[in-house]
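Novice: The chain contents come next:
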Amino acid sequence: MKRAQQLQIAVFVGMLGCITATPEGFGQIIATDQHTVTIQVSPISTVAIVGGGVNLTLDNASVIAGEDQMVTTDQTTGLSWGTNSSSQKIMVSTSLGSPRYTLKVVVLNPTRGTAAPEVTLSTVAKDLLLDIGRTSGTCTLKYTGIALASAGDGTETQTITFTVQAQ
Amino acid sequence: MKRLLVVAVLLALIVPASQFATAQTAFVNQTVSFTVSTVEKMSISGNPAALTISTGTAGTDALTAVGDSSTTYSITHNHSAGPMKITAQIGSAMPAGLTLQIKLASTKGTSAGYVDISNGASFDVVTAIAKGADGLEKVYYSFDALASSGDQSGSRTVTLTLTP
Numbered sequence: 001m002k003r004a005q006q007l008q009i010a011v012f013v014g015m016l017g018c019i020t021a022t023p024e025g026f027g028q029i030i031a032t033d034q035h036t037v038t039i040q041v042s043p044i045s046t047v048a049i050v051g052g053g054v055n056l057t058l059d060n061a062s063v064i065a066g067e068d069q070m071v072t073t074d075q076t077t078g079l080s081w082g083t084n085s086s087s088q089k090i091m092v093s094t095s096l097g098s099p100r101y102t103l104k105v106v107v108l109n110p111t112r113g114t115a116a117p118e119v120t121l122s123t124v125a126k127d128l129l130l131d132i133g134r135t136s137g138t139c140t141l142k143y144t145g146i147a148l149a150s151a152g153d154g155t156e157t158q159t160i161t162f163t164v165q166a167q
Numbered sequence: 001m002k003r004l005l006v007v008a009v010l011l012a013l014i015v016p017a018s019q020f021a022t023a024q025t026a027f028v029n030q031t032v033s034f035t036v037s038t039v040e041k042m043s044i045s046g047n048p049a050a051l052t053i054s055t056g057t058a059g060t061d062a063l064t065a066v067g068d069s070s071t072t073y074s075i076t077h078n079h080s081a082g083p084m085k086i087t088a089q090i091g092s093a094m095p096a097g098l099t100l101q102i103k104l105a106s107t108k109g110t111s112a113g114y115v116d117i118s119n120g121a122s123f124d125v126v127t128a129i130a131k132g133a134d135g136l137e138k139v140y141y142s143f144d145a146l147a148s149s150g151d152q153s154g155s156r157t158v159t160l161t162l163t164p
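One line per chain: the protein sequences are A and B, in this order. For the first sequence, my numbering gives the first residue as 1, with consecutive numbering after it. For the second sequence, my numbering gives the first residue as 1, with consecutive numbering after it.
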């Protein structure tokens, strides 16, 4: 081989070496990194009234002559709820400490859970719907208003509170 | 810069979670209004048997009176404004010499005892009836006739009214 050819080969090999050693261009460096994403779904419960307020009215049509007790009912409203916790229930209470008239409520046709027996409302919360854990659902509220004629005529307004809580 | 982003992502996930931590109990309120209107209701069980006078005492113009207590009345009222009363009235006056009297028993009010309603006017038969119910109280009738008024028959509609 001539010296000139030897020199050309030497230059080529040198260039090749330079190219493979350079990080940019034809070479590839793979870099990795990691981070941790923490997610958390907290216990969440919601409850809402379907249908707004309730107006119960007792008049002559609700009265039987000779009977002191007069009764009227309403089934125009309901509840909807959702919870992602197990073993939940809905309780009910009223704001009125000494009501002149008696107000009762019971759940009808719950899509989830078990209805408790009819509740006479008081300021002490009582069970209304049991075993509603990790579901959403709806139900009808049946109110029964009871007044004694001997208690006289009048109007009474109560704020009813429905609470979803651990069973 | 990368570390700042990671911290920001973690905060974004953690802060809302801490707010929901107390959301395990949820509640909602509903307003319920209960109106008890002024009510008054009265009923009567039916018609009494025919009041028939069929005997007398020789030498006495007044024949032997008869009575009936086979019917009852019931009332319910809740007037807070005050007590109520019951009046009785027949549609037209009795013929001369014939007397129809009525008495209503009462637990919630004061019975006036036997009241002569023969002339067709309205008379109080129970007063001061308190709020509440009075059920199946007896209605008493007494029918008197004079021999001098002759034999005759008829009927009268008696109207009982519960009123303030």
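Treat the hints as calculated values from the structure; they're not laboratory data. These figures come from a predicted structure and were not determined experimentally. Heads up, a few of these hints could be off.
No more than 20 Å apart at the CA atoms, straight line, and that leaves these computed lysine to aspartate or glutamate pairs for EDC-like [unchecked claim]:
# : chain 1 : residue 1 : chain 2 : residue 2
1 : B       : 138       : A       : 67
2 : A       : 142       : A       : 127
3 : B       : 138       : B       : 68
4 : B       : 85        : A       : 153
5 : A       : 89        : A       : 67
6 : B       : 85        : A       : 68
7 : B       : 85        : A       : 118
8 : A       : 89        : A       : 68
9 : B       : 138       : A       : 68
Novice: Hints numbered earlier in the text: which of these fail when held up against the supplied structure?
Specialist: The structure breaks hints 5, 7, 8; every other hint is satisfied.
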